[in-house]
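Chains as they are written, first to last, in our numbering: chain A, 11 to 210; chain B, 97 to 458.
Mixed in with the good hints there might be a few duds.
[Said to hold, decoys possible] Partner residues are not named here, just some residues of chain A that face chain B (Cβ under 10 Å, in silico):
#1 138
#2 143
#3 155
#4 177
#5 186
#6 189
#7 191
#8 192
In case anyone wonders, no lab produced these hints; they're calculated from the structure. All residues carry an ideal CB built from backbone N, CA and C; glycine is no exception.
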Amino acid sequence: MSSLSVSKKAKDAALLDRLLCHDREALQQIYESCFPMIKALVKKNNGLEEDAEDIFQETLIILLERAQSPDFTLTCRLKTYIYAVSKHLWLKRLESTQRQLPLADGLADWIPVTDDIAQHEERDQAFRNMEAALNQLGEPCRSLLEHYYIMNKSMAEIAEIFGYTNADNAKTQKYKCLMRLKKIFFAYQTNKSGKPFSEP
Amino acid sequence: MEMRSEWMDRIHRYLQGEMDTAEEAEFLNLQEQDPQLRRWVEEERQFIHVLKTGLHRQWIKQTFASQSPIRHHTYPGVRLIKTGKEWLAHVAVAATVALLVSLVAFWSFNQFYIRPNKIGYVDLRRAIDNIQRSQYALMNDMHHNGKTPANPGTYGGSGFLISDNGYLVTNYHVVRNADSIYVQDNKGNTYKAIMVFQNPHADLAVLKITDTSFCMNGALPYVLSAAEAPLGEPVFTLGYPKDEIVYGEGYISSETGYRDDSTAYQLSIPVNPGNSGGPLFDSKGRIIGIISGKEGESNQIAFAIKATYLKAILDSLPADFNKRAILHSRGSRNIARADSYNNRVAMLKRLKDYVMMVKVYN
Chain A
11 MSSLSVSKKA
21 KDAALLDRLL
31 CHDREALQQI
41 YESCFPMIKA
51 LVKKNNGLEE
61 DAEDIFQETL
71 IILLERAQSP
81 DFTLTCRLKT
91 YIYAVSKHLW
101 LKRLESTQRQ
111 LPLADGLADW
121 IPVTDDIAQH
131 EERDQAFRNM
141 EAALNQLGEP
151 CRSLLEHYYI
161 MNKSMAEIAE
171 IFGYTNADNA
181 KTQKYKCLMR
191 LKKIFFAYQT
201 NKSGKPFSEP
Chain B
97 MEMRSEWMDR
107 IHRYLQGEMD
117 TAEEAEFLNL
127 QEQDPQLRRW
137 VEEERQFIHV
147 LKTGLHRQWI
157 KQTFASQSPI
167 RHHTYPGVRL
177 IKTGKEWLAH
187 VAVAATVALL
197 VSLVAFWSFN
207 QFYIRPNKIG
217 YVDLRRAIDN
227 IQRSQYALMN
237 DMHHNGKTPA
247 NPGTYGGSGF
257 LISDNGYLVT
267 NYHVVRNADS
277 IYVQDNKGNT
287 YKAIMVFQNP
297 HADLAVLKIT
307 DTSFCMNGAL
317 PYVLSAAEAP
327 LGEPVFTLGY
337 PKDEIVYGEG
347 YISSETGYRD
357 DSTAYQLSIP
367 VNPGNSGGPL
377 FDSKGRIIGI
387 ISGKEGESNQ
397 IAFAIKATYL
407 KAILDSLPAD
417 FNKRAILHSR
427 GSRNIARADS
437 YNNRVAMLKR
447 LKDYVMMVKV
457 YN
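Working from the sequences, and respecting the hints, build out all of it.
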């Protein structure tokens, strides 16, 4: 393996790490380097720019969901991964809406990321319910959980940022927020789909 | 139901890697025996996974939907940081008092702490050359909107990350007498740090990055190996004897350090002032020591504190220090291990992001 490609891989890994802690600049960078090709793909295959953006957002969510697992390994360039997931999603959407017009060359080719997509879709409803639950949870609970679980801040740092008197206090708040979130989330789950989570 | 909530705190601490080795072993043992507990742990693990994904989902959707969408190349302020003007006066007074107290404390401490008389042993802390550095510091300023102090610092050394939330190890002699400490990664990002642990006898200090802008995710690309490395083991180090990161390789030339000091290795490796506090890696990229000094004028004979002594202090660190990150690293995420680890150049590309320059102001 040439050192050039390893360096690119390391860059991709660093970029992905930054994306995982919700670094807006990393998102910007990925948008600039990847969105044009997704737009071209969708537009060439009977879609609009809005469709492309929708697909791109879903792709990023799948990427983030898969990449947060400790055992995730990026086996190809980040760009390639994003393109493959987007392509798969767009293909599926075309099928479901029956806009079955002739596809541009090579679109139906083998896709290396189907496992990741399948695993994500299995729980897609749970992720959507969680998003709704988080919206309902409100501030500062939502930000507190984001700082703890996404930005990896310690309780002492969280106490400082949110103005709690000490780390123990922040921890109690976090616990309360988590309990409230669970209640809201499991209410959504039982309303919309009971699986694959049940109320504890 | 009641039982479950009683376990919740331990389950969450286990899942976040916040337990120490003994507690974790005990908890794993409990899980082994109790299928109910195992199920609860698994359910919590899944819940946290869904929670994180929900947060990702919300972030992506909101960022794209926000008033200044990402496609228009704007960066609106996003962090909520509580600093009202009315606090400023209080903060200033508190900071002055803290500064005075720490100055007095450092002064008196140094009156009583007499370093062992080691003639011929040279610490590798670097007195920073102002002229040589000024241009570089200026560049950093431009990148960081004035956040970086323009003054390049009085002394410099090296350090390396030992957790994903900003804990670093360096030598005590590097940060001794510091008024303020900054660390800088090899990309030029500078962060404010504080000393959270010191052991002058072992010559070890642990720093914590306090800037909220510091963000790193997940696995460190190395682990700590407390096993004694054998004579002749090929080793390498990364450090900052100058403003750019410098690589050096050599071998363990003796299993004891300066004057048969059994807590250190003697190495044959090129090191210079500024290398102090840098990591010593074995051939597989595991950390086996911390570079601490060299012998007199010799450019080849150097010393490194054995990693066992670093491991020993990990339990004394603040509660939010995640020991698991350095003891059981999940490895180099996103890089196929075999590819990179067979190739030193590739290995260094990954490692160098985790070795930082330590800048001391006093």
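May I ask which of the numbered hints given earlier this structure violates, with the numbers listed in increasing order? 5
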